[in-house]
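**Q** Kindly produce the complete structure, drawing on both the sequences and the hints.
There are 2 protein chains.
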Amino acid sequence: MTTTTEKLNELKARLRDVADLNSVGAVLHWDQATYMPPGGAAARGRQMAVVGRIAQEMFSDPATGRLLDELRLYEESLPYDSDDASLIRVARRDYEKAVKIPPDFLSAFYEHSATSYQAWTEARPANDFARVRPLLEKTLDMSRRMADFFPGYDHIADPLIDFADYGMKAADVRKVFAELREALVPLVRAITSQEPADDSCLKKHFPEQRQLAFGRKVIERFGYDFLRGRQDKTHHPFETKFSTGDVRITTRIKEDDLGYGFFSTTHESGHALYEQGVNPSFEGTPLNEGTSSGVHESQSRTWENLVSRSRPFWEHFYPQLQDAFPEQLASVPLDEFYRAVNTVRRSLIRTEADEVTYNLHVMIRFELELRMLEGRLEVNDLPEAWHAAYDADLGIVAPSDVDGCMQDVHWFGGHIGGAFQGYTLGNVMSAQFFDAALAAHPEIPSEIGRGEFGALHSWLKENIYCHGRKYTASELLHRVTGGGLDIAPYIRYLRGKFGELYSL
Amino acid sequence: MTTTTEKLNELKARLRDVADLNSVGAVLHWDQATYMPPGGAAARGRQMAVVGRIAQEMFSDPATGRLLDELRLYEESLPYDSDDASLIRVARRDYEKAVKIPPDFLSAFYEHSATSYQAWTEARPANDFARVRPLLEKTLDMSRRMADFFPGYDHIADPLIDFADYGMKAADVRKVFAELREALVPLVRAITSQEPADDSCLKKHFPEQRQLAFGRKVIERFGYDFLRGRQDKTHHPFETKFSTGDVRITTRIKEDDLGYGFFSTTHESGHALYEQGVNPSFEGTPLNEGTSSGVHESQSRTWENLVSRSRPFWEHFYPQLQDAFPEQLASVPLDEFYRAVNTVRRSLIRTEADEVTYNLHVMIRFELELRMLEGRLEVNDLPEAWHAAYDADLGIVAPSDVDGCMQDVHWFGGHIGGAFQGYTLGNVMSAQFFDAALAAHPEIPSEIGRGEFGALHSWLKENIYCHGRKYTASELLHRVTGGGLDIAPYIRYLRGKFGELYSL
Numbered sequence: 001m002t003t004t005t006e007k008l009n010e011l012k013a014r015l016r017d018v019a020d021l022n023s024v025g026a027v028l029h030w031d032q033a034t035y036m037p038p039g040g041a042a043a044r045g046r047q048m049a050v051v052g053r054i055a056q057e058m059f060s061d062p063a064t065g066r067l068l069d070e071l072r073l074y075e076e077s078l079p080y081d082s083d084d085a086s087l088i089r090v091a092r093r094d095y096e097k098a099v100k101i102p103p104d105f106l107s108a109f110y111e112h113s114a115t116s117y118q119a120w121t122e123a124r125p126a127n128d129f130a131r132v133r134p135l136l137e138k139t140l141d142m143s144r145r146m147a148d149f150f151p152g153y154d155h156i157a158d159p160l161i162d163f164a165d166y167g168m169k170a171a172d173v174r175k176v177f178a179e180l181r182e183a184l185v186p187l188v189r190a191i192t193s194q195e196p197a198d199d200s201c202l203k204k205h206f207p208e209q210r211q212l213a214f215g216r217k218v219i220e221r222f223g224y225d226f227l228r229g230r231q232d233k234t235h236h237p238f239e240t241k242f243s244t245g246d247v248r249i250t251t252r253i254k255e256d257d258l259g260y261g262f263f264s265t266t267h268e269s270g271h272a273l274y275e276q277g278v279n280p281s282f283e284g285t286p287l288n289e290g291t292s293s294g295v296h297e298s299q300s301r302t303w304e305n306l307v308s309r310s311r312p313f314w315e316h317f318y319p320q321l322q323d324a325f326p327e328q329l330a331s332v333p334l335d336e337f338y339r340a341v342n343t344v345r346r347s348l349i350r351t352e353a354d355e356v357t358y359n360l361h362v363m364i365r366f367e368l369e370l371r372m373l374e375g376r377l378e379v380n381d382l383p384e385a386w387h388a389a390y391d392a393d394l395g396i397v398a399p400s401d402v403d404g405c406m407q408d409v410h411w412f413g414g415h416i417g418g419a420f421q422g423y424t425l426g427n428v429m430s431a432q433f434f435d436a437a438l439a440a441h442p443e444i445p446s447e448i449g450r451g452e453f454g455a456l457h458s459w460l461k462e463n464i465y466c467h468g469r470k471y472t473a474s475e476l477l478h479r480v481t482g483g484g485l486d487i488a489p490y491i492r493y494l495r496g497k498f499g500e501l502y503s504l
Numbered sequence: 001m002t003t004t005t006e007k008l009n010e011l012k013a014r015l016r017d018v019a020d021l022n023s024v025g026a027v028l029h030w031d032q033a034t035y036m037p038p039g040g041a042a043a044r045g046r047q048m049a050v051v052g053r054i055a056q057e058m059f060s061d062p063a064t065g066r067l068l069d070e071l072r073l074y075e076e077s078l079p080y081d082s083d084d085a086s087l088i089r090v091a092r093r094d095y096e097k098a099v100k101i102p103p104d105f106l107s108a109f110y111e112h113s114a115t116s117y118q119a120w121t122e123a124r125p126a127n128d129f130a131r132v133r134p135l136l137e138k139t140l141d142m143s144r145r146m147a148d149f150f151p152g153y154d155h156i157a158d159p160l161i162d163f164a165d166y167g168m169k170a171a172d173v174r175k176v177f178a179e180l181r182e183a184l185v186p187l188v189r190a191i192t193s194q195e196p197a198d199d200s201c202l203k204k205h206f207p208e209q210r211q212l213a214f215g216r217k218v219i220e221r222f223g224y225d226f227l228r229g230r231q232d233k234t235h236h237p238f239e240t241k242f243s244t245g246d247v248r249i250t251t252r253i254k255e256d257d258l259g260y261g262f263f264s265t266t267h268e269s270g271h272a273l274y275e276q277g278v279n280p281s282f283e284g285t286p287l288n289e290g291t292s293s294g295v296h297e298s299q300s301r302t303w304e305n306l307v308s309r310s311r312p313f314w315e316h317f318y319p320q321l322q323d324a325f326p327e328q329l330a331s332v333p334l335d336e337f338y339r340a341v342n343t344v345r346r347s348l349i350r351t352e353a354d355e356v357t358y359n360l361h362v363m364i365r366f367e368l369e370l371r372m373l374e375g376r377l378e379v380n381d382l383p384e385a386w387h388a389a390y391d392a393d394l395g396i397v398a399p400s401d402v403d404g405c406m407q408d409v410h411w412f413g414g415h416i417g418g419a420f421q422g423y424t425l426g427n428v429m430s431a432q433f434f435d436a437a438l439a440a441h442p443e444i445p446s447e448i449g450r451g452e453f454g455a456l457h458s459w460l461k462e463n464i465y466c467h468g469r470k471y472t473a474s475e476l477l478h479r480v481t482g483g484g485l486d487i488a489p490y491i492r493y494l495r496g497k498f499g500e501l502y503s504l
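So the protein lines, in turn, are chains A and B.
According to the numbering used here, the stretch in the first sequence is residues 1 to 504, in order.
According to the numbering used here, the stretch in the second sequence is residues 1 to 504, in order.
Check each hint, because a few of them may be wrong.
If several chains are the same, the list does not tell them apart, and a pair holds so long as it fits within one copy or across any two.
Computed list of lysine to any residue pairs in SDA-like fashion (alpha-carbon distance at most 20 angstroms, straight line) [what the hints assert, rightly or not]: (1) K233 - P37; (2) K169 - K461; (3) K461 - E352; (4) K12 - R46; (5) K217 - P37.
Since the hints were made in silico from the structure, they are not lab data.
**A** Here is the structure:
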């Protein structure tokens, strides 16, 4: 007779293999993005596919389901937040989702995504939406079919949103976004009716190596552990985790734009601090990662914005930055620099948008996703709908689709639906979490002003990072803040900071 | 009813998955050796193990055997050297070996190898043979057991040699080595009775980046395709293949030793030219690699020695090297430099040994392996036996085991038996192949003197590289040279080159 301990060990061994195979897939992707020579592309697609397929088969195997069933009584005998109960609970949630998607569909979907992604990388520089249109139509069709494997939804986007932000529905997101829009639109109007801050001091020539060195020094101060990670260069910056001991980030340096590389570095370091901070005993389990797209983004935005675009931060680091770039910055006062890294303008590119307008970019995408899924917008009409939405919300229109609906990879390398809401949920939560941290440690801003981050980092580790996926985003919010999603702290933060900057 | 074509496609699909998983393992290893942060080590071991285990299970599955049986008639209906017949033949050879080794033994063996390798990396700097001795005893025991899964051998080392150099037996190797020794010993004696050539010109300070740039320029001229490969730095240089389109090499630069990095670069580029040159239609099959350890080494030694240590080579490249390092080399004449890169001396380290003494290093290891496997030498007595052999054959004794029996990774990260003979078989074959190339293209030396390598590279591609594993080493030798293994061309080459250098 098999004991509960044996069953649990069997489950853990199976989950560990799955986790290791998923990490292997991540290594293959990292190598592809960083160092792989062009000739490696065709085989790399096959290599990633075979590893992904095996991981999926191993996880969806009925044996996993049997073990989860057999362990249900044990799970129920444990406190909800015990490690074992959480492991079984989260594994079951993943399993029940995984078995609903037919393996053949999933293979076809991954293959289509790879084709579509490849076509996008080629069509984008040529501004050739016509080329990707039929692929995007197929993506939309497959996204709808994916959702239909989860019948009983209120909105067809719900199952897709649920993949990234478990527990959120289209209606919840729409409600939060509507409140946010109401507060943001007048703020954007008030700021952009003034001259934008002069950020020409960021647009001089900044040699790559010195940019990299400065960024690394800063994130090492944050607490990013280079013995358990590294930073490389890629076209699109990202964070990736191979194990608790190996959490890597990438960046891209533009020698004529100091902000791009620095804020992408602090942004990705936020994701990485989260992953490096997960309880190491979760290694090899489904608990060993951040709990949702929104909570993950709350951490990247915390370190990118709440920390690295704050005045205390630059009060400490600006003299060091001036030392690194004396020709470029010696004659630029702190005040001018601080305004430059917080310039607000109506712009076209989401990833380069300022803190105030950023969420408008996200809302545009989220609504377009929903309209496509609802059948109210044809892919063929997407470019025009995009331009119309930018015109309405931001008052500008992109000269081409490259800076329009082809600007983000998401729809071209994955599914339509659920891809974007996490960015704005993250912004909202970042302020909620930061307020809670400040309440516990009012000394955080003055620490930041001394280039120290111990209080903030420790608080985030203890209250958010260490839990990995043990709690859902909603559970985590309630534990940490005593309530649910709430835009008030975020709006208060934006009004405070930008009200002062723009004398509103 | 399944047709032959369907069965063949099924076999190919299965082999392709196995090949892709093996390539994935190679990516994991490459990353570990190049860029992985220290924190990644523990999980990386697990990741490599799970991928290796799955590849092994998939290949050894009885379904593979059934397909191979069902395709036997088809195979026999085809010419021996047709692609399909060769694919089936080589896959069957591998399969029949694979199924003889119990999976549990193999897992235990890999695990032990990883432990032993790790201990070696730590014990070596501490010159602590006592620490690795028990592990090496287990390695010896496991090597014997490994051999015993292949009963009916003449010598217990035969099955182990066969893994690396298919078709060779201990007796064959001993016979070749005895002939070689007879010719080499007097040559070494004659040369080393003279003052060694002055190679101090190689021991100045040579900045890393310029060394790397020069090496890359040279191997690109050889024909190494950087669109299908790249070079990185590792502690131990190696070549690795992820696909026909992605064949990478590594090197190590010593700023106080120009020869180390340059000849490791040309050496590994020889391995890589071989792998880049395999018929691309073999991708995803067991034919898609070099055919044996010996033939592989013949190619690395061809480009390292026959080409890059030749006079015509330096007649062309030395002025460019002087331009790269004017302070160090402007006043060093070509003749002095050529003698320096061909210094012969009785030395302790195999990988840094010159062309003349190199094989003595290999023979010492090969005989020690056999004596341990035969039970005539205890692991406990290995250090002394090593020193005694060096004293007898080379007239020098290492001051410690670091430069003695702990100097090579082979016994500490794999099995005892079959690890070393390929190096000397490769030297012998390199001269045989090169003579055949010269017979077909007498203009090769003058081309090399112009920094051109097209005739040699094309000939090697057509006659050796493209075939991958289609032919065994012995078949390849017979096809190319009309005969079997023969030391005469190699001895002639050494006597010619070093006779002139040392006025013998």
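**Q** Against each hint, give a clear statement of whether it holds in the structure.
**A** Hint check results:
Proximity of K233 and P37 under a CA criterion of 20 angstroms is satisfied in both settings, with 14 angstroms inside one chain copy and 16 angstroms between copies. Neither within a single protomer nor between protomers do K169 and K461 lie at most 20 angstroms apart by alpha-carbon distance, with minima of 28 angstroms and 60 angstroms respectively. For the homomeric pair K461 and E352, neither the shortest alpha-carbon distance inside one copy (28 angstroms) nor that between copies (50 angstroms) is at most 20 angstroms. For a Cα distance limit of 20 angstroms, the shortest separation of K12 from R46 across copies, 14 angstroms, qualifies, whereas the shortest one inside one copy, 28 angstroms, does not.
Taking identical chains as interchangeable, the C-alpha atoms of K217 and P37 lie at most 20 angstroms apart only when they sit on different chains, with a minimum of 17 angstroms there against 30 angstroms within one chain.
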